[in-house]
Every structure is written in C-alpha cells, then in structure tokens.
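A.B. asks: Starting from the structure of chain D, add chain C where the hints point.
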Amino acid sequence: MKFSEFVKPEAIRAELAATDKDGVIRELVGALVESGQINAAEQDGIVKAIMKREELGSTGIGRGIAVPHTKHPSVEELVGTVGISVEGVDFQSLDGEKVQLFFLLISPPDRPGDHLRALENISRQLRDETFCRFLKNSKNSGDITELLEEADNNQVA
Amino acid sequence: MKNLIRKKVTVSNPQGIHLRPAYLIAELAGKYQSDVNLETASEKADGKSVLEIIGLAASSGTELDVLADGPDANDAVDAIIQLVSLGFPGEEAAKAENNQA
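So the protein lines, in turn, are chains D and C.
When the letters of the first sequence are read in order and numbered with numbering that gives the first Met the number 0, they come out as residues 0 to 156.
When the letters of the second sequence are read in order and numbered with numbering that gives the first Met the number 0, they come out as residues 0 to 100.
These are computed hints drawn from the structure, not numbers from a lab.
Backbone N, C-alpha and C fix where the C-beta goes; we use that ideal spot for every residue, glycine too.
Treat the hints loosely; a few may be bogus.
[Claimed, not checked] Here are a few chain D residues that face chain C, going by a calculated C-beta distance under 8 Å:
| # | residue |
| --- | --- |
| 1 | Gly56 |
| 2 | Ile64 |
| 3 | Leu118 |
| 4 | Arg123 |
If we strip away everything but chain D, and leave its shape as in the complex, we get (with noise of 0.2 Å):
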C-alpha cells in the first residue's frame, strides 16, 4: 500500500514540537483532526486508544522510528501521517534509541489486512538508509510528501 493512500500531506508534521511520547501522539492526532481525516469529536478517545496499545508494547521498532497506532470504529479506511522530531523523542524503544521517524496509522477494525499492508510498506522504504536519512533531514512537509511520493513511484506494486 503506497504511502499517498494513506498519508494526506496536510497531516504531514516537519518539524514536532512535543518531547514526549503523549505530546507526539496528540501532535500528530490533532493533525489528522486539522486535516480532516478524523473528526474531532474523536480526538481524545482516538489518544487514548493508542496509548493503551503502547502499554502493551513499545511501538518503536529501532532504528530511530515508531509506529505508534490503533484500531478505530470511526473511520472507514486506513489513515496515517508521518512526523519527524529533530531532537528525537523517549519512547522506549526496543533498541533503547531516542525516535526521530514517526508513522502513526489509525485503522477500521474490520481490515486487518491493509495495516499490513501499511506496516509492510513503511518496513520496506525504511530499510533503505538513504530513505531514512533524508526523512530524518527533511525541513519541512514538501520534503517529506516528494520523498513519500519517490519512495511509492519507485515501487513495483
């Protein structure tokens, strides 16, 4: 799954300005909010739901990146958006590493199949350290939707 179905550049956050794992994941909710791909009614249950599963388990997979996520009756596709925090945030990752690189992802309930297709396709782009490293420099939302746009023209599928 390309990340332009479902990334919205709108939602795309530069330049982070929370420290903390709460801060980032209500930075980047209330961006789909201002996106209006979520409804802010939703907002806090839409928080909340994703720090619960961040209880269970660190969504920070190493590598300086995380993809903190939910599932969620109120929206009827997958939708996601990506941040970068310059400074790099806390967020007790397996390999004890600050992160830089955000994908938080909201999904309905009933497709489990396209988070997989989400997940696979943010593992595949990031394996690439190149990807990675010109994320991580982006200075603004233009450079990460042209960046976002390479990586899915270069894609087979």
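C.D. replies: Just chain C now, with coordinates in the frame of chain D:
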C-alpha cells in the same frame, strides 16, 4: 561450524504478523545466539529485526520458513515455531484486558 535448521509454520492468528507479533518474534529470536531468518514465498527477513519482520506482511494462513544457523539453532527454531503456531499466546488475553480497562 554450520548448524542450519529450517522448519515450516503457518501463521494462525487472525490478524497475521502485525507489529506486536513481530516484536514478540524479534524479542524471542534475540535470546538466541544463532542467526534467525524468516522467509515467505517472496520475502526474507532477519528474525531479530521488527522492521524486517513486518515487511513480510504475513497474513493469517501464510506459510513461513523459520531458519536458524548457530549453536542453539534447533532451540531457536522450535521456540519461534511454537510462538507462531500457537497464535502468539497471551497476546489476545492482553488485548482483551486492555480493552476492558
């Protein structure tokens, strides 16, 4: 010394290998000295890397090859086969508890 072990397992949990199961596999694989790898018909992943495991996009019913190479290869493969074939035991319970809270 080569001690390559390879066994097959079918992904049995309904959600497939999403992030949490990938995390559990990587955590388990990390306890062994052996190199651990997972393969589907089209993809390969380092069994100790969550990032690579989620790249398999292994949905329920996918057949996985679990490979290990090293002094404890047999134990590593058996442990991972058990985790996957039992559908990540404890995980659904943890989720249910989480939803109630």
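A.B. asks: It remains to establish, for every hint, whether it holds in the given structure.
C.D. replies: Now the hints, each set against the structure:
1. Because the smallest distance between the Cβ of glycine 56(D) and any Cβ of chain C comes to about 6 Å, under 8 Å, the interface hint for this residue holds.
2. Here the hint on isoleucine 64(D) is kept, as its CB sits about 7 Å from the closest CB of chain C, short of 8 Å.
3. Hint status for leucine 118(D) relative to chain C: holds, with the closest Cβ pair at about 4 Å, below 8 Å.
4. For arginine 123(D), the shortest C-beta to C-beta distance to chain C is roughly 6 Å, which falls under 8 Å, so the interface hint holds.
Hint compliance for this structure: every hint is met.
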